[in-house]
Amino acid sequence: MNRFAELLDRLVLTPSRNGKLTLLTDYFRATEDPDRGLALAAITGDLSIAAVKPAMLRMLISERMDPVLFGYSYDYVGDLAETVSLVWPDPPRALEDNHTPTLADVVSALQTASRSDGPSIVANLLDRADISARYAILKLVTGGLRIGVSARLAKQAVADLGPVDVTEIEELWHGLKPPYGELFAWLEGKAERPEKTAKALFRPVMLSNPVGDGDLEKLDPANYAAEWKWDGIRVQAVCEGGMRRLYSRTGDDVSPAFPDLAASMDFEGVLDGELLVGDPQRETGTFSDLQQRLNRKAVSAKIQARYPVFVRCYDLLQEGEEDLRSLPFAERRMRLESFVAQLDLARFDLSPLVPFADWQALEDMRRNPPHPVIEGVMLKACNSPYLAGRPKGPWFKWKRDPFTVDAVLMYAQRGHGKRSSFYSDYTFGVWSGPEGAGELVPVGKAYFGFTDEELRQIDKFVRDNTVERFGPVRSVRADRSHGLVLEVAFEGLNRSTRHKSGVAMRFPRISRLRWDKPPHEADRIETLQALLD
Amino acid sequence: MRARDLLHPRPEGLYCPPGDFYIDPIRPVDRALITHGHSDHARAGHGSVLATAETLDIMGLRYGSDFAGTTQAAKLGERLAIGDVGVTFHPAGHVLGSAQIAVEQNGTCIVASGDYKRHPDPTCAAFVPIQCDVFITEATFGLPVFKHPSDREEIARLLKSVEQFPQRAHLVGAYALGKAQRVIRLLRDAGYDRTIFIHGALAKLCDYYESQGVALGTLEPATVETGTKGDFAGEIIVGPPAAFADRWARRFPDPVACFASGWMRIRQRARQRGVELPLIISDHSDWDELTETITGTGASEVWVTHGREEALVRWCELNGIAARPLHLVGYEDEGD
Chain A
1 MNRFAELLDR LVLTPSRNGK LTLLTDYFRA TEDPDRGLAL AAITGDLSIA
51 AVKPAMLRML ISERMDPVLF GYSYDYVGDL AETVSLVWPD PPRALEDNHT
101 PTLADVVSAL QTASRSDGPS IVANLLDRAD ISARYAILKL VTGGLRIGVS
151 ARLAKQAVAD LGPVDVTEIE ELWHGLKPPY GELFAWLEGK AERPEKTAKA
201 LFRPVMLSNP VGDGDLEKLD PANYAAEWKW DGIRVQAVCE GGMRRLYSRT
251 GDDVSPAFPD LAASMDFEGV LDGELLVGDP QRETGTFSDL QQRLNRKAVS
301 AKIQARYPVF VRCYDLLQEG EEDLRSLPFA ERRMRLESFV AQLDLARFDL
351 SPLVPFADWQ ALEDMRRNPP HPVIEGVMLK ACNSPYLAGR PKGPWFKWKR
401 DPFTVDAVLM YAQRGHGKRS SFYSDYTFGV WSGPEGAGEL VPVGKAYFGF
451 TDEELRQIDK FVRDNTVERF GPVRSVRADR SHGLVLEVAF EGLNRSTRHK
501 SGVAMRFPRI SRLRWDKPPH EADRIETLQA LLD
Chain B
1 MRARDLLHPR PEGLYCPPGD FYIDPIRPVD RALITHGHSD HARAGHGSVL
51 ATAETLDIMG LRYGSDFAGT TQAAKLGERL AIGDVGVTFH PAGHVLGSAQ
101 IAVEQNGTCI VASGDYKRHP DPTCAAFVPI QCDVFITEAT FGLPVFKHPS
151 DREEIARLLK SVEQFPQRAH LVGAYALGKA QRVIRLLRDA GYDRTIFIHG
201 ALAKLCDYYE SQGVALGTLE PATVETGTKG DFAGEIIVGP PAAFADRWAR
251 RFPDPVACFA SGWMRIRQRA RQRGVELPLI ISDHSDWDEL TETITGTGAS
301 EVWVTHGREE ALVRWCELNG IAARPLHLVG YEDEGD
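If you read the sequences in order, they're chains A and B. Position 308 (the first sequence) corresponds to 308 in UniProt numbering; numbering is contiguous. Position 292 (the second sequence) corresponds to 292 in UniProt numbering; numbering is contiguous.
Any given hint could turn out to be false.
Unchecked claim - If we take Cβ atoms under 8 Å as the criterion, some of the chain A residues that face chain B in the derived model are: (1) L69; (2) V77; (3) A81; (4) H416; (5) S420.
None of these hints come from the bench; they were simulated from the model. In this text, a Cβ means the ideal position worked out from N, Cα and C, and glycines have one as well.
Can you make the complete structure from the sequences, with help from the hints?
So this is what it looks like as C-alpha cells:
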C-alpha cells in the first residue's frame, strides 16, 4: 500500500507525460502481483469498489476527535479525504512497521464490505495505515483518484515494460481482468501472450498523419481515395456472438452512454466510423450538439430523443468470422458499402467518397467544404491494409485552415517542470461593450504554439508589465493603447454557459505574436459570436 | 505578581516593563533580546542586543557588523540580571543559535520560546523543556493536520527521485538560514557524497555553519561554467525557494522543483507553488510537538502567537489549561 500511496502522491504533482511514464513503469516493475495489477485497474477505472459517502467519513472522524478542531482543520485544507487522512489517529509504532495492509488487502476488504459493516472496515484499514496510505485508501473508497493519468497513459506505461506497442495492450485489454497477472507475466517474458478468448474485443485503430509541406507532390492522386473529414468522434462498433460494444479510439468501452445506438447494432462484424449527432438521412449536427452526449455514464430518454446519434461508417475490419484488415482499402470499401446497406438507416450511413482530379482540386474542396460539420478531407491509399497505429504514408488528414482571432493578453500563469520559471500559460480576451469604451472579456487560454524564443519574449513582457499578482498568476497591462496582441488559432467555437464571454474555443493555440498591432485593433466579441453555429 | 505585568505585547513587540526590554521587537528599540537570527525576529537598528553568540554572528553576517549599538552574548543556561529581572537563554532546537528566553521576577517565570522544534536536528542544539508558569508558544503549524514525518525518510525520497530521473536536475528550495544547512547535512548523513551546488544567497551562511562545526561536505556555486545545460543533470542544487520561480532557474536541465518545508504537508500548497517533489522538512514544531511541549513545561497558562492560534487555544481549553492568543504582529507565517 505504501508504494501505491507514494506513486499517487508523485503522479499528482508531476506535470510531464514522460515523468509520469517513468514513475508508472518503475512502479509496475518494482511491485509484485497482485498489487501492481490492482493499482493499474484503479488508475484505468476498472476496479469496482463500493463507494463511500463523505457523510460516512465525517461520522467516523467525529467519533475520534473534537469537532471544533476538525472544523479548523478542514477549513484550512479544503479537501475532506486529505483532512481525514492527516488527522486520523496514528497507529502505534510497532503496528505500523509490520501491519500496513497491502493494496490487495485493502481491495479485498473493501470488496467484501456490506452496507452495515462498511464504516468499521474502512476505519480498521485506516487504523493500520500511515498518512500517505490513508489518503490513498480514502481516494479509492470515495471514487476518482484524480491524478491526471488517463487510462491510455497507464496502458502506455504497461507497454513500456515489454516494451511492446501500446496497441497490443489495447487489443487485449477488454479480455483481461484485474489484477492482470497473465499480462505482466507476458511482458516480463515469463509467459506466452494472453489468448484473445473474449468476444467483441477492441481492434487497435489506424490513424492518419497531417499533410505536410511537399508530402503530396510525391504521390499520385490516382492511388488515393478521398473522403470528408467529419467533426465528430472516432468510434469502433463491434458485434460478435451476441456481444455489442462501442469503443472510443483509445479502446474505452463507451457503450453504456449510447443505448440508442447499441440497440441498432444488429450485425456480425467490426465497423470503424465517426460518431455524429442527427439523422443521417436529413441533417448532421454540430460538435456542440454531440457534446451533449459525451462524457456521460447514463443518458436520459429526453437527451437521447433530442440528440440522436449515428455512425458514419468508413471502414469494415471484420465481417462475420472473416478478418478484413489485411485486405487493401479498395476491397474493404466495396465490402463496407454492401455491409452498411443492410443496416438501420437511422443509425448508420456511409461516408461518401469524394472524387477529385488532382491535388489542386482537392485543396479547393478542403478549403471550402460543403457542410459546416466537415473539417477537411481524408486521403487513403487504395492498396493499403488496415494497420494499427499511425503508419506514415497510407492515411493523411488534410484539415481546413484554422480560425484565427486577434486577442489581447490579460493574464499569464507560471508553467510547470521545464517551464516553471516562465510565464507560459496565457489567458487572452477580446473587446466587448461600446466601441471605444469597451472592456476586455476573456475568451480562452493557450499554452503552446510559440517558439522558445517567443516564449522568452512573452515572459519578459509579462514581467515588465505586471499589474497584479495572484499566487502563480499575474495580470498584465492591457488597455486600448498598451498591451500584447496575440493571434490565436482554433478549430471551432462552442457555446459556453461557464464563461462570461459565452464562448469556448476548441484547441486554441498562439499562432503569431502581433507586436505591431495596438490592442484597440484586436477583435471584438461579436466577431466570435458570428462563428457560433 | 501578575504575569502580564512581567511581559505583555506592545506594537514594537513583547515588552518587559520591570526590565525595560523587548523580545524579538519588529521595530528599533533601546534594548532587545533576540531568540534567533531569522529576519522577522532579528532586525537591525536596536540600541543594544542580547542574544546567543551564534545569533549575534548571524545578524552580523546579514546586516553588517554595525547592526546594533552594542551587543552582548548570552550563554545558554546562564542566568543574567537585567534590573531585578532574571533572564536565561535555553536552546530551542529551531536553527543554529536559536534560544528560548526565560524571564522571571518574584517567583513568576515566563518562557518566550520564539520558534522551536523537538525533532532532532544535526545542525543545532536540541530543545530543552523549561518548567514555567506561563509558556509563550508559536503556532506556525498549530493545526492537527500538521504532522511532520521523519526527515530521513523525506531525504530518502529525494535521493530515490535523483536515481529515477538521472537526466534532470533536482532543485531543492530551502530557506537560507537553517533549513538549507539541515537539508545538506541530512543528505550527507544519508551517504550522499557528491558535490552539492548552492545558490549564491546561501554561501555566507553555509561557510558560517562549517566554522561552527557543522560539516557540509563539498559545496560549489551553481553557476554555469561551460554554458551547456547538461552540466547539472543528475545533480542536487539547493537555493532559496523564491529563486526557483525566477530566471535564475533556467540554467538547469528539465528541473524537478522540490521544496523543503512543513507547508508541503498540504497538497494544495505544493500544487500552487508548482512543486513536483514536496519534502516535508520543518524547523517548527508540528501539532503533536506543540501539545507535548505545552504539557511538558507544566505551565498553567499558555500564550499563543504567530500562526493558527485558535486551534491551539481550543486544545488548551479541552485540556484544562488557560490559554489566550497574543496577537503579536509582524512575524511571517510562511517562514519555514
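Hint by hint, here is what the structure shows:
A cut of 8 Å between beta carbons decides the hint on L69/A: the least distance to chain B is about 6 Å, and the hint holds. Taking 8 Å as the C-beta cut-off, the interface hint given for V77/A holds, the closest approach to chain B being about 6 Å. Interface restraint check for A81/A: the shortest CB-CB distance to chain B comes to about 10 Å, outside 8 Å, so the restraint is violated. With its C-beta approaching chain B no nearer than about 5 Å, H416/A sits inside the 8 Å limit, and its interface hint holds.
With a cut of 8 Å, the hint placing S420/A at the interface with chain B holds, because the nearest CB-to-CB distance is about 5 Å.
The earlier numbered hint that this structure contradicts is number 3, and it is the only one.
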